[in-house]
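Hey, can you work out the whole structure from these sequences and the hints?
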Amino acid sequence: MSKLKSFTASNARPLPVLVLADTSGSMSVDGKIDALNTALADMLDAFSEEDDGKAEIHCAIITFGSTAQLHQDLTPASKIELQPLGATGMTPMGGAFDIARTMVEDKGKIPSRAYTPTIVLVSDGMPNDAWEPALERLLDSERAAKAQRFALGIGDDANASVLQRFLNDPGAKVYGAQDARQIKSFFRWVTMSLASRSRSANPNVSALGVLPPSDLDELL
Amino acid sequence: MPIDLFGASVPGPAHIAAGLANQDAWGHAVVRGHHVVVVADGLGSRSRAQDGSRAAVVAVTGALRAWLRYPDAPVEVLLALVHLLWRAELALIKPDDAATTCLFAAMAPDGAGLVAQLGDGLVLIGDGDDVEPLGQRSDESFANHSLALGVTRRLDAWHWRRVGPGPRRLLLCTDGVADDLLPDRYPDLLDWLEQDLLPLPPQPRWRALACELRHWPTPHHTDDKTLAFLRSR
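As they're listed, the protein sequences go chains A and B.
Positions 282 to 501 (my numbering) are the ones given, in order, by the first sequence.
Positions 382 to 614 (my numbering) are the ones given, in order, by the second sequence.
Think of the hints as simulated: they come from the structure by calculation, not from any bench.
The C-beta atom is built at its ideal place from N, Cα and C for all residues, glycine as well.
Honestly, I wouldn't trust all of these hints.
[As the list claims (entries may be wrong)] If you want the footprint, here are the derived chain B segments under chain A, 3+ residues with CB under 8 Å:
#, segment
1, 551 to 565
2, 568 to 574
[Stated by the list, open to error] So the derived label-pair ranges between C-beta atoms look like this:
#, chain 1, residue 1, chain 2, residue 2, range
3, A, 351, B, 513, 34 to 44 Å
4, A, 393, B, 426, 18 to 28 Å
5, B, 547, A, 360, 47 to 57 Å
6, A, 350, B, 478, 46 to 56 Å
7, A, 393, B, 453, 35 to 45 Å
Written out as structure tokens, the structure is:
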């Protein structure tokens, strides 16, 4: 038996993934919430099968609908039993930003030995709470500011400028999905990108060679 | 005051599977009466990382050979020399292709000396029961964001400390080791290295340490692993 075992961490270095999911009432239209549930389940299944990576992918799901709340706490993907998301209420995106910032800043949840987190924002509308100061707090947070970020706008009512501000990088693209199929495409792309990161020599570096699916639109 | 030292470096599972060489390097030498240990970790994404880490060992030894001639010379002069000699050792290799972390210790027979670190990894300084790392990673940081030779030429990116004479234990290791160590077990790790491994003859000691590094217990580990230990008594 390894003598070093008593001096070393017993769990792999985590690669945290936080999904900020819009669960406002409008997501119940046109099968959007069902598509999102399927896409999230597929993503978690794929992460669960990633056992040859350098990192262990951990996921959290933060929803913003009737309230902003932690739907699924940060947990190894292989141990998550996803409870389907419902869709009701408004779009308190700012509350979700605050929950995400608090989680990323919590060194108990995301230790320094973790790889840089990824935050995925999915929304089909305009936030209706005090989202701007909450976004500023997120982007000003030293740890959260380092996070890799993806954004998906669903449908014609998605506010691309809000999503672009979340990305905080003029070179980063906000993607658009017009239907359920494109929602799944976006999450397949996120899944491939993160799986590739977890297998790379340095999981902090964005994966190369994982191109976004051609059937996604750019919102800007 | 005798100085004891030993170390080992093994390729990680990722490099073994890919048929690649160990991109860590370590070396030791006696330079102007000082026992010198260098540990370097060529950054994994660089094409000539292996050359970079080996060049760091040569550069530090050469820099100390020059710097130790002048007892009053500032440490910044030594660090600047390390950068210069590392570039020279690389010759035609682009520095960015060979970026490497660089950790070293130079200890005189009375235990006095210098420890320095650029980039990821860990240098532990054990004075009696007090064990503390040189240059903690920021709590605001995450794993594998390395400063390195070939990445920065800023001398203030280095952490360094002069240590006075006396009994002391030093550990230097690359991040393949450091990132999985439990900070509250640092003192016990030094005890194990000193009490269980150090008394062994050199070859069995090397084999025992290399075996431990090869059978690293943390799941999903892939990095190369290098660890060196010094003790003055």
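Here is what the structure says about each hint:
1. Closer than 8 Å: that is the beta-carbon criterion, and the segment 551 to 565 of chain B has 4 residues meeting it against chain A, so the requirement of 3 holds.
2. Evaluation of the coverage hint for the segment 568 to 574 of chain B: fulfilled, as 3 residues show C-beta separations to chain A shorter than 8 Å, against a requirement of three.
3. Look at residue 351 of chain A against residue 513 of chain B: about 36 Å separates their beta carbons, and that is inside 34 to 44 Å.
4. For residue 393 of chain A and residue 426 of chain B, the Cβ-Cβ distance of about 21 Å falls inside the hinted range of 18 to 28 Å, so the restraint holds.
5. Against the hinted window of 47 to 57 Å, the Cβ-Cβ separation of residue 547 of chain B and residue 360 of chain A comes to about 49 Å, which satisfies the hint.
6. Between residue 350 of chain A and residue 478 of chain B the beta carbon distance is about 48 Å. The supplied range of 46 to 56 Å therefore holds.
7. Taking 35 to 45 Å as the suggested C-beta distance range, the pair residue 393 of chain A and residue 453 of chain B conforms, at roughly 38 Å.
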